Amino acid sequence: MSKRASLGQVHKYSLPVHPIEVPNIVPHNPISWVQFLIAYWKGVTVVQTTTADFVNGQFLVSNDEDIKTLWKNGFFGKGIFSRSEATWYDRTQKRLGLGEFKNLTIEEITAIRRDERKKFKKERAKLEAKQAELKKAGIVDPFIEERLELKNLRDKDIDVKVERTIDFRDDDQQLLVDGKLQNLETLELFAAEAFFLKFALNAINIRHNDQPISTVELFNKLSSSKVDDLFIMNYVVYHHYRSLGWCVRSGIKFGTEYLLYKRGPPFHHAEHAVIILPNYKDEQQNEQVAKDFVWLSSISRVIGGVRKNLIIVFVDIPTQEEFDSCETLEEKFKLYKINELLYRRWVANKNRD
Amino acid sequence: MEDEEALLTSTANPDTQIEFEDEIQDWRNLTKIKDTSLPKRGEKDYEPDGTNLQNSVLEESRNSMFDALAGDRSHVVKQHVKAIWISSQKRGLITKPKGSFLQTCGVIDSENKCWLRPEEFCYLAERGSIEPWFEDKDLAMSIEACYAYCFDNDDEIDEYHVYSYLKRHGFIVMKNEEQRIIPKLQTISPMKRVYSQLLKWINYFTLPNLITNLFGHKPYPFFQNLNFTSKKFTSYSQIYNSIKLIPFRSHSTPSTQPQPQSSSTQSKLIPTFNIWKPSPNFSKKSPPLPNFQILVQNVNKYKLPTLKQLHDLINSTNYQNKHHIDSDQSKRLKNGYGFVLIATVDYGIINIVKLSEADFGNENVWYVPGPKPQNKKNNGKNNKNQNNNNNNNNKDKNKDKKGKK
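Protein chains in written order, with the working numbering: chain A, 369 to 721; chain B, 44 to 448.
Hints should not be assumed to be uniformly reliable.
Okay, derived cross-link-like pairs now, BS3-like style, lysine-lysine, Cα gap no bigger than 27 Å in a straight line [to be verified]:
| # | chain 1 | residue 1 | chain 2 | residue 2 |
| --- | --- | --- | --- | --- |
| 1 | B | K320 | B | K365 |
| 2 | B | K287 | A | K436 |
| 3 | A | K410 | B | K275 |
| 4 | B | K374 | A | K705 |
| 5 | B | K328 | B | K125 |
| 6 | B | K287 | A | K649 |
| 7 | B | K139 | B | K327 |
| 8 | A | K705 | B | K377 |
| 9 | A | K380 | B | K287 |
| 10 | B | K320 | A | K718 |
| 11 | A | K718 | B | K397 |
| 12 | A | K446 | A | K436 |
| 13 | B | K365 | A | K718 |
| 14 | A | K659 | B | K351 |
| 15 | A | K702 | B | K275 |
| 16 | B | K374 | A | K718 |
| 17 | A | K649 | B | K311 |
| 18 | A | K504 | A | K519 |
| 19 | B | K397 | A | K705 |
| 20 | B | K365 | B | K327 |
| 21 | A | K594 | B | K346 |
| 22 | B | K377 | A | K659 |
| 23 | A | K649 | B | K351 |
| 24 | A | K621 | B | K374 |
| 25 | A | K566 | B | K287 |
| 26 | A | K705 | B | K287 |
| 27 | B | K346 | A | K705 |
| 28 | B | K311 | A | K705 |
| 29 | B | K377 | A | K718 |
| 30 | A | K700 | A | K566 |
| 31 | B | K287 | A | K700 |
| 32 | B | K156 | B | K180 |
| 33 | B | K287 | A | K594 |
| 34 | A | K487 | A | K524 |
| 35 | B | K346 | A | K659 |
| 36 | A | K589 | B | K287 |
| 37 | B | K287 | A | K440 |
| 38 | A | K621 | B | K377 |
| 39 | B | K344 | B | K133 |
| 40 | A | K649 | B | K344 |
Derived from the structure by calculation, the hints contain no laboratory data.
Every value quoted in this text rests on a predicted model; they were computed, and no experiment measured them.
Work out the full structure: start from the sequences and follow the hints.
Next comes the structure, spelled out in structure tokens:
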């Protein structure tokens, strides 16, 4: 529980832009008005600017503080040695017995959980074997209590207090400089994330060949000038959901473009998965690129299996002329339009009531 | 996400929401069917466990299925219903209509003759509810003949598969014919509009907003050269609202972008069948609005319809509670608004999907820290209370307060 509270504190801000903190106004208390005005006057909207290098099509953030900032303020990026949050440093510190003993990282929690799961499966196999024995003898399942125990074993909370074990290997010495662990991990952003931070929030400096690169230059590097460019479609969808408050992360593990999290991965499972399709003005073109039902069915079964909601986003594609005639990126993006459809298997037996 | 444990599902498992769509029948109950209780689901065995018990259960089930199939299918002569296939009309004709199926099948004309649609004729013949006869020969039709005469093409066979599938699951199904009702357009009442305008103004004059509105900069898109630091944002709603940029299709103003009607090769889609949940009071003469409408598509012949086709299809539907809107945000996001069912048929195998219009663009889900959950009044201003910073571990309890507007 205490861990959760601190999580809320760590991820107080959902974007690297922070609003001014002003005190509440109490209508019958003029002093609170004054306090509000002062706070408002003095306050500045904080933008936590970070820096990323755009190298070989990858966006890499190497400054330790920047990595933390991007993760804490909206869960941007993925640690290249980690599952999502960059935890390599903490994990290695712990393994080498350096520094203070910290909370478990998500990777470690998963490892423990898998262990527990293995234990559970072993016990279950044992019980099943016993049941089969008895079945042979003609007795039907007397193991009510054992089943309950098994269920408890499955549902039990994992123990977060784990003893510190140090595992120092010979070549670990190379990780240390003056006895201190060097952080080798960088954070990688996907293109839409990096572009969002740059274009929408102006909270990141992107360097290309060690030179700062402007938003327009970046856009030109990421997209072709074609109106139905994949990056543009993916970006407008990313921007759409981010601007509604969703935490948008890659959906590649589930065969979709994006996953939508409320607040962020540590707080909720992703409830929605997003696939993106173009919707041209020309119906014939749409018929040519139409997906078949088998394709959709396979994605839907995967998403249904992990109890998520599948959103098909059709992006209205403007004409090339409209696109080219717009001066600014903002105008260009405004030509696209989001259409959402939900796709779910419908089961006759479950809808009859 | 975890593999489901066969063992534990047999005990009451509270967190099981997995859809057991395919019931496992315990066929042994067929032999006991006389006692009118419904067949019970058996437990699924995954592999032979080498016990006699398992073998005997299997054997028993098998035998009872054979028994059921071998039983004489007969009806009382009094209840014998003869139906004649009239090829010129493409209809089946019952001259002396009787039987409970009449509650949901057929149309009775002024001469008290019952006319059956092809799918009804074929289905009732297959079920043994009617005896199908040729019109010109004095000869009963075989089931093969029914199929051959009732359906002109593969699409109709597919539709029949879906029809009989739904009928066998207990639904009332009728062809969605010309009697299509034009859906009512959802309009916001003028009163409501005035009210929401009023709310907007009141909101404008609440002090924090007033100050922002007068002294600060109104949130507006600031992309490119504009900079956040030059503006005074006192809440995340202001920040998020200021980065809203991409237009979206809203359920309340569902007009799609004007699309030039190019020569489309595909025709306009309309639902094939109307579906009602089983109801003893069903009146086929004046049926209520259906519960669902379904379009039948062969997966080997058709691809996913285009967005325009899907929108037109959903717009053309009319069913009970079409305009019902969930009050709970997460339900709205999950269930969407208008929907249509599509039965995708692959050589007789049917997979039904529900396609619904969603509208995420009208739902804000950003996290609003600060005020305690019980303080529901604090809606427009989510200023962070300074002494509240340390205890906003009330987490997400009030997270979607914003979005409910």
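Okay, the hints, checked on the actual structure:
Distance check on the hinted pair: B:K320 and B:K365 sit about 15 Å apart at the alpha-carbon level, within 27 Å; holds. Of the pairs offered as hints, the one joining B:K287 and A:K436 holds, with about 26 Å between alpha carbons and a cut-off of 27 Å not exceeded. Taken as a hint, the A:K410 and B:K275 pair is honoured in the structure, with Cα atoms around 10 Å apart against an allowance of 27 Å. Taking the CA atoms of B:K374 and A:K705, the gap is near 24 Å; set against the 27 Å cutoff, the hint holds.
At most 27 Å may separate the alpha-carbon atoms for a hinted pair to count; B:K328 and B:K125 meet this at roughly 22 Å. This hinted pair checks out: B:K287 and A:K649 have alpha carbons roughly 24 Å apart, not beyond 27 Å. Our distance criterion of 27 Å between C-alpha atoms is met by B:K139 and B:K327, whose separation comes to about 18 Å. Our distance criterion of 27 Å between C-alpha atoms is met by A:K705 and B:K377, whose separation comes to about 21 Å.
A C-alpha spacing of about 21 Å is found between A:K380 and B:K287, which places the hinted pair at or below 27 Å, so the restraint holds. Simply put, B:K320 and A:K718 have alpha-carbon atoms about 11 Å apart, close enough for the 27 Å limit, and the pair holds. Distance hint between A:K718 and B:K397 is fulfilled; the C-alpha atoms sit about 13 Å from each other, no more than 27 Å. Taking the CA atoms of A:K446 and A:K436, the gap is near 11 Å; set against the 27 Å cutoff, the hint holds.
The straight-line distance between the Cα atoms of B:K365 and A:K718 is roughly 19 Å, inside the 27 Å bound, and the hint therefore holds. Restraint check for A:K659 and B:K351: the C-alpha separation of about 14 Å stays at or below 27 Å, so the hint holds. This hinted pair checks out: A:K702 and B:K275 have alpha carbons roughly 25 Å apart, not beyond 27 Å. Distance restraint check for B:K374 and A:K718: the Cα-Cα separation of roughly 18 Å lies within the 27 Å cut-off, and the hinted pair is therefore satisfied.
Between A:K649 and B:K311, the direct Cα distance comes to roughly 17 Å. Compliance with the 27 Å bound is thereby established for this hinted pair. With a CA separation close to 25 Å, the supplied pair A:K504 and A:K519 stays within the 27 Å bound. With a CA separation close to 23 Å, the supplied pair B:K397 and A:K705 stays within the 27 Å bound. In summary, the hint linking B:K365 to B:K327 is supported, as the alpha carbons are separated by about 21 Å, within the 27 Å threshold.
Between the alpha carbons of A:K594 and B:K346 the distance comes to roughly 26 Å, so the proposed pair stays at or under 27 Å and holds. The hinted pair formed by B:K377 and A:K659 meets the criterion: a straight-line CA distance of about 23 Å does not exceed 27 Å. For the hint linking A:K649 to B:K351, the alpha-carbon distance of about 10 Å falls within 27 Å, and the restraint holds. Among the hinted pairs, A:K621 with B:K374 is consistent with the structure: their alpha-carbon atoms are about 25 Å apart, no more than 27 Å.
Pair hint A:K566 plus B:K287 holds up; C-alpha atoms about 15 Å apart against a cutoff of 27 Å. A C-alpha spacing of about 12 Å is found between A:K705 and B:K287, which places the hinted pair at or below 27 Å, so the restraint holds. Distance hint between B:K346 and A:K705 is fulfilled; the C-alpha atoms sit about 23 Å from each other, no more than 27 Å. Distance restraint check for B:K311 and A:K705: the Cα-Cα separation of roughly 23 Å lies within the 27 Å cut-off, and the hinted pair is therefore satisfied.
Our distance criterion of 27 Å between C-alpha atoms is met by B:K377 and A:K718, whose separation comes to about 17 Å. Pair hint A:K700 plus A:K566 holds up; C-alpha atoms about 16 Å apart against a cutoff of 27 Å. For the suggested pair B:K287 and A:K700, the alpha carbons sit about 14 Å apart, so the restraint of at most 27 Å is met. For the hint pairing B:K156 with B:K180, the CA-to-CA distance comes to about 20 Å; that is within 27 Å, so the pair holds.
At roughly 24 Å between alpha-carbon atoms, B:K287 and A:K594 fall within 27 Å of each other, so this suggested pair holds. At most 27 Å may separate the alpha-carbon atoms for a hinted pair to count; A:K487 and A:K524 meet this at roughly 12 Å. In summary, the hint linking B:K346 to A:K659 is supported, as the alpha carbons are separated by about 6 Å, within the 27 Å threshold. Taking the CA atoms of A:K589 and B:K287, the gap is near 24 Å; set against the 27 Å cutoff, the hint holds.
This hinted pair checks out: B:K287 and A:K440 have alpha carbons roughly 22 Å apart, not beyond 27 Å. Between A:K621 and B:K377, the direct Cα distance comes to roughly 21 Å. Compliance with the 27 Å bound is thereby established for this hinted pair. Of the pairs offered as hints, the one joining B:K344 and B:K133 holds, with about 25 Å between alpha carbons and a cut-off of 27 Å not exceeded. Using a Cα cut-off of 27 Å, the hinted pair A:K649 and B:K344 holds, with the two alpha carbons roughly 24 Å apart.
Of the numbered hints listed earlier, not one is contradicted by the structure.
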